[in-house]
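Chemist: If you want the building blocks of each chain, they are given just below.
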Amino acid sequence: MKDVQRRIREEARRLLSEGLVDVVIGFEKGTLPLHSTPVFIRDAADVDRLVWDSFCGNNLATYLPKMGDQRVAVVAKGCDSRAIVALIVEKQIAREKLTIIGVPCQRMIDPHKVVKAVEGEILEAEERDEEIVVRGEGFEKILRREDYLSRACETCAHRNPVLYDVLVGDEVEEDASSRYADVESFEAKPPDERWAYFERQVSRCIRCYACREACPMCYCEECFVDHTRPRWIWPGVHPSDIQIWHIVRAYHQTGRCVECGACERACPMEIPLLYLTKKLCQEVWELYGFEAGMSLEELPPLATFSPEDEEGFIR
Amino acid sequence: MNEKPSDWEPRVLAFMCNWCLYTKADQADIAKAQELSDVQVVKVPCSGRINPLFILKALEEGHDGVLVVGCHPGDCHYKEGNYLGRRKFATLKSFLEYLGIEEERVRFAWVSPAERGKFSGLVRELIADVKKLGPARKLTRSPAQKVKGER
Numbered sequence: 560m561k562d563v564q565r566r567i568r569e570e571a572r573r574l575l576s577e578g579l580v581d582v583v584i585g586f587e588k589g590t591l592p593l594h595s596t597p598v599f600i601r602d603a604a605d606v607d608r609l610v611w612d613s614f615c616g617n618n619l620a621t622y623l624p625k626m627g628d629q630r631v632a633v634v635a636k637g638c639d640s641r642a643i644v645a646l647i648v649e650k651q652i653a654r655e656k657l658t659i660i661g662v663p664c665q666r667m668i669d670p671h672k673v674v675k676a677v678e679g680e681i682l683e684a685e686e687r688d689e690e691i692v693v694r695g696e697g698f699e700k701i702l703r704r705e706d707y708l709s710r711a712c713e714t715c716a717h718r719n720p721v722l723y724d725v726l727v728g729d730e731v732e733e734d735a736s737s738r739y740a741d742v743e744s745f746e747a748k749p750p751d752e753r754w755a756y757f758e759r760q761v762s763r764c765i766r767c768y769a770c771r772e773a774c775p776m777c778y779c780e781e782c783f784v785d786h787t788r789p790r791w792i793w794p795g796v797h798p799s800d801i802q803i804w805h806i807v808r809a810y811h812q813t814g815r816c817v818e819c820g821a822c823e824r825a826c827p828m829e830i831p832l833l834y835l836t837k838k839l840c841q842e843v844w845e846l847y848g849f850e851a852g853m854s855l856e857e858l859p860p861l862a863t864f865s866p867e868d869e870e871g872f873i874r
Numbered sequence: 204m205n206e207k208p209s210d211w212e213p214r215v216l217a218f219m220c221n222w223c224l225y226t227k228a229d230q231a232d233i234a235k236a237q238e239l240s241d242v243q244v245v246k247v248p249c250s251g252r253i254n255p256l257f258i259l260k261a262l263e264e265g266h267d268g269v270l271v272v273g274c275h276p277g278d279c280h281y282k283e284g285n286y287l288g289r290r291k292f293a294t295l296k297s298f299l300e301y302l303g304i305e306e307e308r309v310r311f312a313w314v315s316p317a318e319r320g321k322f323s324g325l326v327r328e329l330i331a332d333v334k335k336l337g338p339a340r341k342l343t344r345s346p347a348q349k350v351k352g353e354r
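Going line by line, the protein sequences match chains A and B.
Under our numbering, the first residue of the first sequence carries the number 560, and numbering increases by one thereafter.
Under our numbering, the first residue of the second sequence carries the number 204, and numbering increases by one thereafter.
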């Protein structure tokens, strides 16, 4: 991983010093342990701030539609690259203004899981190969990296970048075997139990919209939730308003979600959100053979149709 | 099974494409359906215009069943509106089921002016099935919870 970090820095230095890009978007060491935070590097002298570790969970494609006319280089894992492809297909960003530094992903850590694994506040975290060492006042604990992966990463089927200009690091072997396992086991429960789960989980929502802000595909200038005429959803935390918000936020990702888990990662209330969009991903895959962000040519499934589409459910 | 108040009659909402049922005879069929129970009909220019949000709002505002009616494939006044709608309906339908909302409450149909009586038949069927289920309890906003200023 240190090698990947070195090569990201080299690439960023080259791009900035040769004037090929205006800004490099990557990760730097965060102010809190277990978090690397997005950083915008504009000067070649600053490239050593860039880091690469298992705390680089954010999807950096989220920033791209906001970058205007700037020439941008971005560090992209598998999911970031899929979001980039999807944003290009939806004409939100221009390929020619973008330099993609592709990184095959080792899969990211879920900080919440680590925090729950220890008693006391974690003040320092360090990564050593397949181990995470966490330290706090009077304790040190060594955790197996594998056991603390973020939920999106556990079932990830596309760890290698699908589109890049330069690839740093060696490609990893993909595994799609458990891709929709969580969706299938949820589906096996009785309907009332499924609804009760949804109701209970989203009841914690504080309507901060962090899920929307973190999502690379939620780029609408005006979200349906902010409309006042008509007012689709009332402000506040009334149960049905929250439920509609979560159903529609997820539904708007139909055929667009790249399964990065940014929504879930951003949620301060730790509401599971991925199980919603994952279902829609599975649905468009089974019905229309489509995966978001995998091809620059294919239109999103709800923007097109085939006369032969399934309609057994229509009376 | 939900508890049924003794005076409960299902409330049903139908979203209907403006072009599938426009003759005098069709109007009579819609009127016939409206005699069955509390049936509201919302006309839209095309089934492709139906935003899944409309369906969710219908459930939230206390409708026990929702029927979405469009023209048969190939009959769309705008050529492809119903084809685009079909993909939205398919994905929304399975998503609502996945969430745990009873699948019988939201249904979709193609209707053409040649199919006389189909619309009222569909509404009759929906009402009968919803009666078995009882009043909608999921996603509904009870009157007591209405926000100040809301109609």
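Keep in mind that the hints were calculated from the coordinates and are not lab data.
All C-beta atoms in this analysis are idealised placements derived from N, C-alpha and C, irrespective of residue type, glycine included.
A couple of the hints might just be wrong.
Not the full set, but computed from the structure, chain A residues with beta-carbon under 7 Å of chain B [stated by the list, open to error]:
hint	residue
1	I801
2	H805
3	K838
4	E870
5	F872
Beyond 12 Å from chain A on every Cβ pair, some chain B residues (computed) [stated by the list, open to error]:
hint	residue
6	S209
7	W211
8	D229
9	L239
10	K246
11	P248
12	N254
13	E305
14	P316
15	A317
16	R340
Chemist: Each hint: holds or not?
Modeler: Here is how each hint holds up against the structure:
1. I801: Because about 11 Å separates A/I801 from the closest Cβ in chain B, which is outside the 7 Å limit, the hint is violated.
2. H805: This interface hint is violated because 9 Å lies over the 7 Å limit.
3. K838: 5 Å, holds
4. E870: 6 Å, holds
5. F872: For A/F872, the interface hint holds, since the closest Cβ of chain B sits about 6 Å away, which is under 7 Å.
6. S209: With a cut-off of 12 Å, B/S209 remains clear of chain A, as the shortest Cβ separation is near 24 Å.
7. W211: 20 Å, holds
8. D229: 17 Å, holds
9. L239: 17 Å, holds
10. K246: At roughly 17 Å from the nearest Cβ of chain A, B/K246 sits farther out than 12 Å, so the non-interface label holds.
11. P248: 17 Å, holds
12. N254: 9 Å, violated
13. E305: Nearest chain A Cβ is 7 Å from B/E305, so the label is violated.
14. P316: 17 Å, holds
15. A317: Answer for B/A317: holds, closest chain A Cβ roughly 16 Å.
16. R340: 9 Å, violated
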